[in-house]
Amino acid sequence: MGSSGVSIELYVLLSAVLFIMGTIGVLLRRNAILVFMSVELMLNAANLALVAFARQWAGGDGHLMVFFVMTVAAAEVAVGLALIVAIFRTKKSIDIDNLHLFKE
Amino acid sequence: MENFFNLVPLVVLIPLAGMLINLFAGKHLGERGVGIVGAGASALTFFVAVLLWIAQVNTGYKAAVVDMPLLADWITIPSANVTIPWAFRVDTLSVTMMLVVTGVGTLIHIYAIGYMHGDERFPRFFVYMNMFLLFMLILVTGNNFLMMFVGWEGVGLCSYLLIGFWFDKPKGVGWRNSDAARKAFIVNRVGDFGLVLGVLITFWTFGTLDFYHPGEEPIAHHAEAAEEPRLFVPPIPQEEKAHQPEGPLGVFNQAEVWLEEGGHKVDFGMVSLSFETTLTLITLLFLLGATGKSAQIPLFVWLPDAMAGPTPVSALIHAATMVTAGVYMMVRANVFYHAAELTSFVVAVIGATTALVAGFIAVGQWDIKRVLAYSTVSQLGFMVAAVGVGAYAAAMFHLVTHACFKALLFLGSGSVIHGMEHGHHHVTHGHPSHLDDDFDPQDMRFMGGLKERMPVTYWTYLFGTLALAGIIPFAGFWSKDEILLDSLKAGVNKGLLGGYIAFVLLLTAAAFTAFYMWRQVSLIFLGKPRHAAAAHAEESARVMTVPLIILAALSLLIGFINVPGGFPILDWILGKHQFTSFLEHSVTYAHAGTFNFLLATFAVLLALGAIYLARSVYSEPVLATLRRDPLEVDPRTQRGFALANAKLYWDEFYFTYIVYPYRNAAYWLAQEVDWRFWHDYVHNRLIRDPFNAATAVLTWRVDKGLIDRAFDGLGWLTRRVGQRLRTIQTGYVHMYALSVLFGALLVMFLILVPLIRDWLGL
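As they're listed, the protein sequences go chains A and B.
Our numbering puts the first residue of the first sequence at 2, with every later residue one more than the last.
Our numbering puts the first residue of the second sequence at 242, with every later residue one more than the last.
Don't read these hints as lab results, they were simulated from the structure.
Please note that a few of the clues may not be correct.
Part of the chain A face toward chain B, derived, beta carbon under 8 Å [claimed, not checked]:
id: 1; residue: Thr24
id: 2; residue: Val27
id: 3; residue: His101
In this text, a Cβ means the ideal position worked out from N, Cα and C, and glycines have one as well.
Based on the provided sequences and hints, a complete structural model is requested.
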């Protein structure tokens, strides 16, 4: 238990705000990189919540989970950005509204 | 000397080796090599046979049983206590047969080298010839009926293969040859059916097929012969003969014991026959086998057709050796035949009738080999009749002499045919169409005057003719005279009707023999050539004439091995009935004939009279312009000649009453029973049609109607649903993200609702 007086509610609130911002970004932005960054924002919001709860309950599980998320996110970013680059090379655009090849 | 008996497997192995060598290497050996291998195998076998004969003489004619290496337990069924070993029997009878088969066989093999020269299947011919020797020697050396049967079937196969050897001759001749081969094979099956049944009954009766078990000697029955002093052949020590080993006996001694005891019964399951009746049955079935193999009425029809084979084959198989197998078999079973009086009567009548019928038919034939073929049938009839009147030694004696002079005659005829073909070739320069198409080198009408062109063939042929006609001192005289005398004695001394019948028929047949043989000699050799081919005929090569000369010498001399007791001077010089004394050691009921001056003189005069008659009928002026036979023209003999020429319509009789009905029955069975009943009705109507109907229902109603439709509907449904569902897939990432969000919200809502409800305490 740390000496900081910041309460858990604030952390969770910040996490929720960040998550909602990320969600809105994902839903509304059309630039693939920005969508991607929004997804990262959501992930980190979740990370923040995990860390906060871990501190609250003084358990190691939350920390552990965060590391997993960060590792997977890093891997995901590597693959995702590579895909985006590849898409840009073929389509000269990364507007996700133009990317609906599976439909037709 | 006893060690020599262990050589006996060689008589089978040497021809086998010769056969295999020619079979696998024949193509590379060339004619010379193949001939040397084939004839050499035969000569070596003859040498072994001579060694066995010497061993026989030096061991006091003791029989020996020698197991074949590796095959000693040929057929063994321990649970049923059955053993049939592959064992050879060396006794005087089998040695006699071995000497005849390999001796005459060797000469014929040598002759064949010349006769078959240039044939495209030269190696195959010698493979078959060696194979024949192999099986013939199995037949005569086997110590049990089963081995004899193996040889019996084997020589039948070789006979078939060699009769049809020229199956591919042009102008339909090949068809006739292969027809003749099939005829021989099929007719022989009838006889073999009888033989194999007889063998099976023998086995059922005795529990063994061995003639004599090893160490067993035939129970002797020759008190009368033993009295006479012998010069070269030691008398049979009687006390030694009486000794018999303990334990089971071979079939013949067992039969003797049972006959002596009397009242023995044989149980056949449903019926129980007395032993004597069983013997009659067995011997009658054996007789059926002999009528097939030895060409007797009613199964003799195959032998004249068998002349389609190459002439050496006719000489070896269809005159000297194979056809005598039936006689050998009956002599071997002389204990049975002696006991079966009814069978003996039948045998005598069949043999004598065959002798006369065949002798009669021979008079009306134009084909040089056909005359000899019927002559062979006739002479085999003499031998069979001799068996029938109990003259087993005389039968064997005639078998030996006949083998020599009939082989000689056949080889002589082959030489004539060769000469005629040569002459024809010379005249036409190899183009047969230049002269005439109906030329036949075997037809005696085209011959004549060959005496000048082929002197060696003529003189040797003359020897064979005189031997066959029974002119003293040629071989045929001695053996034929013994048969005639024995049949007369069987009639007079023992009161056997069969003896009288045989005597009369055989005497008549002997007259016919002399007549048709002189007719043949006149037509072939005397007078002037009636055809350009005959005028240009040439003497055959030395390889062919030397065997002729040797056989001619044998035809003159071989009769002296069995000079009857009482013949002036000669019986003192040469010893009385040496051959019979030799045979007595293995043929229990062999008995020696004594000489009857009256009968011998009468028979010789009869033969000479027949020859004189033939000379006057076929005189020089008649021969010069011969187109039709004088007998055919003369109204007194016209009908007789026509009958003889048509072979007494014997074939036609069989065709009308057996072959055609059989063929019609087979046709009816095939067409009506098999095709219309079984195929059309049972198969098609009763099985196929209902089955088709049932499968149609299953196909169209169940499978197509139900199962297919159900699954088609399922597929249709899936496709429709998919078509509907695909419209909600827009392909925009935002839409998917939004649906994920709504899904998450929904899950959250579902989780929160119960929590809120709890919190509110509802």
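Quiz item: Close enough to count: is the Cβ of Val27(A) nearer than 8 Å to one in chain B?
Solution: Constraint on Val27(A) satisfied, holds at 5 Å.
Self-check item: Interface hint for Thr24(A), Cβ within 8 Å of any Cβ on chain B
Solution: With a minimum Cβ separation of about 6 Å from chain B (threshold 8 Å), the hint on Thr24(A) holds.
Quiz prompt | chain B contact restraint on His101(A) - CB to CB distance below 8 Å | solution = This interface hint holds because 3 Å falls under the 8 Å limit.
Consistency note: the structure conflicts with none of the earlier hints.
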